Amino acid sequence: MNQRPEVRGRRSGAARVLLVVLLMLLASPVFADSKDENLKPLDGNKTEKTETPPTSKPADTATDADLEAKYRAELEKRLTQERESYEGSLRSLWLSNSAVWAALLGFIIFQAIGIRKRTAELARLKARREEG
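The sequence shown lines up with residues 657 to 788 when you count with our numbering.
No wet-lab data here; the hints were simulated from the structure. Do not rely on the hints blindly, as some may be mistaken.
[To be verified] Heads up, simulated DMTMM-like pairs for lysine to aspartate or glutamate below, C-alpha to C-alpha not over 20 Å straight-line: (1) K733 with E743; (2) K733 with D722; (3) K726 with E738.
Note that the structure is predicted; figures quoted are calculated from it, not measured.
Construct all of the structure, not just a fragment, from the sequences and the given hints.
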């Protein structure tokens, strides 16, 4: 008598690893935005200490306007970068959300197809039993 071990329903290790990797890829956000864009100080303006008394007013208002314009331009540039970063994150969120919904709808469709096949098989078996 030749006995064979029951292998039905068992999966190989490679298939399990492939299934886990596939699930991780589907569950992770698509094209996640992982940039580290913290606000950094301006390059040219290190803490410069001047030897002016604290009670005196700034001598040159033109440099204050230039400095303000420089900071405003830098802030506008950073604001633009932040908007682009948020747009990328939002796009990534929508893509991952649509992937999840597509998987869910696919599962529902395959379940409906399976139910239809099972009902057809059941009807066929009932017809065969009634004939025989």
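### Structure versus earlier hints, numbers of those that do not hold, lowest first
Of the numbered hints, all hold.
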